[in-house]
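K.L.:
Using the sequences and the accompanying hints, generate a full structural model.
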Amino acid sequence: MNGRGVIDGTYYRSLTKKMILIVLLVSLTPLMLVSGMILYEFQHSYSEKVTDHLSVLVDKHRVHIDNFLEIKLKEIHSLVETLGIDQLQNESFLEDQLSKIQKVYGIVFEDLGVINPDGLQIAYAGPYKLLKAQYSEAIWFNKAIKKEFYISDVFLGLRGLPHFIVSVRVNHRGKPWLLRATIDFMKFNKVVENLRVGKTGLAFIVNREGQFQTAPPQNIADKKFNMDIIKSNNDEIEINESLNFKIYQGIIYVSAFLKNGDWIMVYRQELDDALSDFKKTQNVAVLIIILGALVIMAMAVILSGISVSRIEEADREKEMMNQQMIETGKLASVGELAAGIAHEINNPVAIMVEEAGWMQDLLEDDGTNDSENSKEFARSLKQIQTQGQRCKEITHKLLSFARKTDSRIHDIQVNELINEVIELSGQRAKYASVNVTTNLEENLPLIRISQTEFQQVLLNLINNAVDAMEKTGGTIAISSYIEDDDIIITVSDTGPGIPKANLSRIFDPFYTTKPVGKGTGLGLSICYGIIKKLGGDLNVHSVLKEGTKFKIRIPVIGKSNDEKLKKNPKK
Amino acid sequence: MKTRNTNTNSSASLSKENTNQIKLLLVDDEAGYVNVLANRLNKRGVRVAKAYSGTEAIRILRRNDFDVAVLDLKMEDMDGIEVLKIFKKMDPDLMVIMLTGHGSEEAATYGLEMGAFDYLTKPCELPELLSKIKEAHQKRKTLLKNHLLTR
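These protein sequence lines are chains A and B, in that order. Just so you know, we're using my numbering here: the first sequence kicks off at 1 and counts up by one. Just so you know, we're using my numbering here: the second sequence kicks off at 1 and counts up by one.
The hints are simulated quantities; they were obtained by calculation from the structure and are not laboratory data. Everything numeric in this text was worked out from a predicted model, so none of it was measured. Just so you know, even glycine gets a beta-carbon here, dropped at the ideal spot from N, CA and C. It cannot be assumed that every hint is accurate.
Claimed, not checked - Where chain B lies over chain A, by a calculated footprint (3+ residues, C-beta under 8 Å):
hint: 1; segment: 129 to 135
hint: 2; segment: 350 to 364
As the list claims (entries may be wrong) - Straight-line Cα separation of at most 25 Å, DMTMM-like style, residue types lysine to aspartate or glutamate; simulated pairs:
hint: 3; chain 1: B; residue 1: Lys-74; chain 2: A; residue 2: Glu-393
hint: 4; chain 1: B; residue 1: Lys-132; chain 2: A; residue 2: Asp-361
hint: 5; chain 1: B; residue 1: Lys-134; chain 2: A; residue 2: Glu-364
hint: 6; chain 1: B; residue 1: Lys-132; chain 2: A; residue 2: Asp-59
hint: 7; chain 1: B; residue 1: Lys-23; chain 2: A; residue 2: Asp-86
hint: 8; chain 1: A; residue 1: Lys-382; chain 2: B; residue 2: Glu-128
hint: 9; chain 1: B; residue 1: Lys-132; chain 2: A; residue 2: Glu-546
hint: 10; chain 1: A; residue 1: Lys-330; chain 2: B; residue 2: Glu-106
hint: 11; chain 1: B; residue 1: Lys-23; chain 2: A; residue 2: Asp-361
P.N.:
This is the structure:
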């Protein structure tokens, strides 16, 4: 078996790789670029939207809280304005007023107290026993006494609980008096904490030192809020109307000033939480892109594989065609050579025959000579002429064969062709003591095929048969007959047969069991190709130690045309 | 000049009926073949002129009148078909029998279209050639008669 590799397998593997790479590059690059761009743009506009949304939210909330505080101040202010300090000094009256306010606002106002200019609480209504409490040392009192309206920071105070105070200063008998009210810390907290967005978004209030004025969020462990976070460019925090927006360590901080800049409301939300919708969309998009890329990769691999195997197949076919061309060419050139030799031989043979004839003429002239020698002369000359005639027949055969070595398609009488081929290979068969017998059906219809190609097929089959029986001798039987409107030609031998394992491969190109250098492994595959091209079929049947039979089936093309003509005689 | 019009009266035993008026030009570049064939035809009463090439044949035809020409189509100096065409120009009534190799009938068919009388494949049997020559001569005779009548 000389498996003459068509082209190295690595060539096709690298071809496949290249195709896959190119397909991936060409399809994935734009996909990645476009999706990256879209994602980027989307993220940009989405975060802008989120920022805007948060800003609006925080601003509204700031106004809300400012209003809340203002309303509380106005409430006690109107209390003082309408009722006056004198009346409020009456404790039962004060308690009445407290319960009235509490009815309207709920228990936001914890207590009320009237403080004289010396810091002594001279009237008190509320749950604690703070009557006569001395506030002259308290920080809030010292600040409050200087302002008409005052809201203190959160502190523990005498009661030991976090709270803050709103106070109003009034002039009574030429001296400043205070009406103060305690705002319930929990109530205020609730108002602030009303702003909750997503999972982590919440608001709290700090004073300018960073001390929490509401309950600190759970995930801030420090007691003080790091003011650097919301400071822009390390500057002092400026009091202005606008909001301050900052992202610090993956957390969004939106800050706004309250209470004329004393307090800062901070809205805090983790960036991922704020952008959670976007993240979801992004994840879906990324998933789709990855899936798409995977599909493209799979398709690239599959398609490249398919096309390369097609190319491989085509290459193999081309190789076979080339070999077939070479073989046909060889046959044709052998034919031409033979024709040339035949022509050259013709002339001397003709002269020899004519010279012999001339001698006969001369002998006849002498006529009377009846001697033994002259009789023998006549016989010898006759013999020369007969042998000359034989030469002529041989050269004619060669010339007929040569004339037919073209691949043009002719109408051919199969039996004639079979006989010609047998004559050609007869000598070889004789030397191998192989007997060739024929059983040809008379009057077979003509078929339209290329003579050379058909000769090639028959020669191949006969030569193979002779090769198979070279050592043992045997018989080649060739028959032709009609079966189901097809012409069948069988070539069977009495050789050793073909083992089953080889039988399925004998029509494969480059498959041969002949020694290296003797066979190309192309003969039968070319035969198969030729017969298939004619629309026919070539199959083999072999029994070990009994022989092999090749069966050629060729459709009678002319016949079908005739039938068509008969059906449509007008055409 | 190689024209050798040999007189042929010695061989009485060979059939000479109607042949002694036939003037034949034998053209082939194979000298041995021309010579032996000329001898044998002469013996049978045909007056044969021999030409060993196409050019020589044309030269001979220019000076002499022939009834029939036997022309090998495959010659070295000139293609037989070309010679045929010139022959036909020089003497349209000249009967040309072509000799071809087996398998080159296409050239012969073309020759027939060009006005040749017939063709034989080489090597040919003498009786066959002789009968063709006679046929050709007969045709020439009738042609010439017709020409005389129409004139």
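K.L.:
I'd like to know which numbered hints this structure contradicts. Please list them from smallest to largest.
P.N.:
1, 6, 7, 9
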